[in-house]
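Trainee: Listed below are the residues making up each chain.
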Amino acid sequence: MVVKRRTAIIAAMSIAATIALILWKPTVLIYGLQAAGLYAAVAIPMGLVLGIVHIVNLSHGEFMMVAAYAAYSACKALGMDPLLAIIPTAIVTAIFGWVIFQLTIRRALKGPELNQLILTFGLAIAFTQTINLIFTSQTYKIPLDYVSASMDIGDITFGTWSFVFVAVAIVYTYGLQFFLTKTTTGKAALAVGQNPRGAAIVGIDVYRTYGLVFALAMALVGAMGALFLTKSAIFPGVGTPFTMKSFCLIAMAGVGNIPGILGASVLLGVAENFLRAFRPTRDWAEIVFFVLIIVVIVGRSLKGRKS
Amino acid sequence: MKRMMLALAVFALIAGSAYAQGTIKIGGIWTLADITGKQGSAAAQMAVDEINAAGGILGKKLDLIVVDDEGKADKAAAAVEKLATVDKVDVFMGGMGSGAELGKIPAFKKYGKVVMSTGAAGSVTVEKALGPSPESDFYFHIHPWDYNQGASYAEGWDAIQKQYPNIKIRKIFLAYEEGAFGKSSWDATKILFGGDNRYIVDGASFKSALFGGGDYTSVLEAAKAFKPDLFLWAGYDADALPLLEQSKAMKFSPGIYLGAPPGWPIGFGSSKLSRNVMLYGMWSPAMNDNNPASAKFYKNYVAKYKEEPATYFAPLSYSAVYILADGIKAAGTTETAPLIKALEATKYASPLGETITFKPSNIIKHQGITRQKILQWQGGFQEVIWPFEAATAEPVYPFPAWK
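Taken in order, these protein sequences are the chains called A and B. Under the numbering used here, the first sequence has 66 at position 70, and the numbering climbs by one with no breaks. Residues are numbered in the numbering used here as their position in the second sequence, beginning at 1, plus a constant of 1.
The hints are simulated quantities; they were obtained by calculation from the structure and are not laboratory data. As the structure is a computational prediction, the values presented were derived from the model and not from experiment. Don't take each hint at face value.
Derived lysine to any residue pairs resembling SDA-like cross-links, with alpha carbons at most 20 Å apart [as the list claims (entries may be wrong)]:
hint: 1; chain 1: B; residue 1: Lys342; chain 2: B; residue 2: Pro135
hint: 2; chain 1: B; residue 1: Lys273; chain 2: A; residue 2: Met76
hint: 3; chain 1: B; residue 1: Lys404; chain 2: A; residue 2: Gly75
hint: 4; chain 1: B; residue 1: Lys249; chain 2: A; residue 2: Gly259
hint: 5; chain 1: B; residue 1: Lys228; chain 2: B; residue 2: Arg171
hint: 6; chain 1: B; residue 1: Lys252; chain 2: A; residue 2: Gly75
hint: 7; chain 1: B; residue 1: Lys273; chain 2: A; residue 2: Gly75
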């Protein structure tokens, strides 16, 4: 009863805030949602790995970077559009992720968590340096007309292409929910994530499931790499900031809470754009990220102590 | 005893002859993963090869030993130590980022060898750390300091408005990346353009794509609301195309759209979005038509490396080697004091379109180039708009509205 009431209050407050923003500063909501879509679409695969395989993959952003370079190379070699490279890149990144998992991460799963962190951190450096050696630190960008698509509403003109990330984030969220709750493999993955020993007793191949989930997450990151190429220039360090941002969004949402990542991303995206919309607070947008994390984690700790 | 004297005489003869046929070692330090360092070091090597093919200097060959500083101050300092103690170089050259250059200065001062610096615009950091003459006299800074660049932009825009009365600039908006580079650009812009109230200056920061940003919507909203005559952005090459794409999406087309990144992304000129974007720089292949030194450099570079020099750091490093070689030739030695004296008399007609000489700057005694150029992307090429004596095209104004 109390939970329902609290949920209703949060929902009412969110709706009121949304209406206020639409009337007062509609661009805050528009750009906030677009930023949220990008954050969530990158963070959700990391949430999947953390929730089921229980490793913090510090090379998450670098996997996206490698995928973006793979997509770029394919686009340049075949003269194709990055959108057409999404599925091939996802497949290649899934295979690459599976191989990396079997060769390295799997070996560290039984070790202390620090070993996993160091291992994935090492992978991140290895990926970045390898790409640096092959492509140098020069940036690459494919100019595309459709990314400048825009819409006019009254006096406001805004870009619409970045809404594609919102769509991807929603598809990822509900697609993964469906996969984890409605399919046999997904249910097995969920069981492995909740209790690996119990899952093994009932006959689920735990390491095969881990490998599959990791490959699936890398496929989603790979698809995002190709899509990211439409909007951004790429260079060896392009993925690195996304690792930390994704990890923090997962920390805000709570491990294993995929829809929560979407919510946390919306909160972050709108808050950042809200601060950027006003001259005195423009430079504070980067700080809001850390403030939100501290508030959420401290709040959760206090709540835990109370209960 | 006689035998010993004979052996010593033979040894002295051999050693003397080896010294005479030896090499003059130049220690070059660049950030090799970056296009500026990659092409800067390649252009310096090309100059060394040309000089050696023509017989070398003082009967000796030049030997360029290149070390990568990875853009980091600690690696740059270690590079100086290695070149001075292991390779025992005679002179130093290279450099791009001010941060890495700052790391080299204590070691440069320790060894006191002549340095021909091709980068580092940060006056507050690098020039201040070098200190005044005579302690910094070994340091020859060819690249302009940030205040030199700012002053030349102000001079350039004044001259352009005088020459082309249809170009009128009253309001300037600077979108600057939130790091040290962008912030120093913002501080300089406020002083140079906003100081005497001739211009109304506003600005806003953005997080560069290079550091995990890439969303320019808020800064473009602020710029659009300000309605600037000149929109200038100070960021990195990673920001160039996404910023234009978002400007197009928001239908933001100021009278002048100008970018000031250290380098442009590969293929930028082939993008439709590059049309009529202005830029600051020192050199462009378009100068080949009216500058024989530029044409010769360009032709040789393309023939040797099968790629175009993409930034001005290539002709700048090429020039640095020739200036050093001419100085050593005039001094007859690589000893610091006579070489400094010889370099002070430098008059080198560079491929950059100007004759390089050394004059005192705000702090140091040996400053080379002080003027930047204003260029514009036209038909996929960088055309020089100002200084008028080096101009290769007329400016296209205003920046056309997006279609």
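Trainee: Take the hints in turn and mark each one as holding or not.
Mentor: Verification of the supplied hints:
Distance hint between Lys342 (chain B) and Pro135 (chain B) is fulfilled; the C-alpha atoms sit about 12 Å from each other, no more than 20 Å. Note on Lys273 (chain B) and Met76 (chain A): the hinted pairing holds, with a Cα-Cα distance of about 18 Å set against a maximum of 20 Å. Proximity of Lys404 (chain B) to Gly75 (chain A) is assessed by CA-CA distance (about 25 Å); at most 20 Å being required, the pair is judged violated. Simply put, Lys249 (chain B) and Gly259 (chain A) have alpha-carbon atoms about 30 Å apart, too far for the 20 Å limit, and the pair is violated.
Between the alpha carbons of Lys228 (chain B) and Arg171 (chain B) the distance comes to roughly 10 Å, so the proposed pair stays at or under 20 Å and holds. Taken as a hint, the Lys252 (chain B) and Gly75 (chain A) pair is broken in the structure, with Cα atoms around 28 Å apart against an allowance of 20 Å. Our distance criterion of 20 Å between C-alpha atoms is met by Lys273 (chain B) and Gly75 (chain A), whose separation comes to about 17 Å.
The structure fails hints 3, 4 and 6 (numbered hints given earlier, in ascending order).
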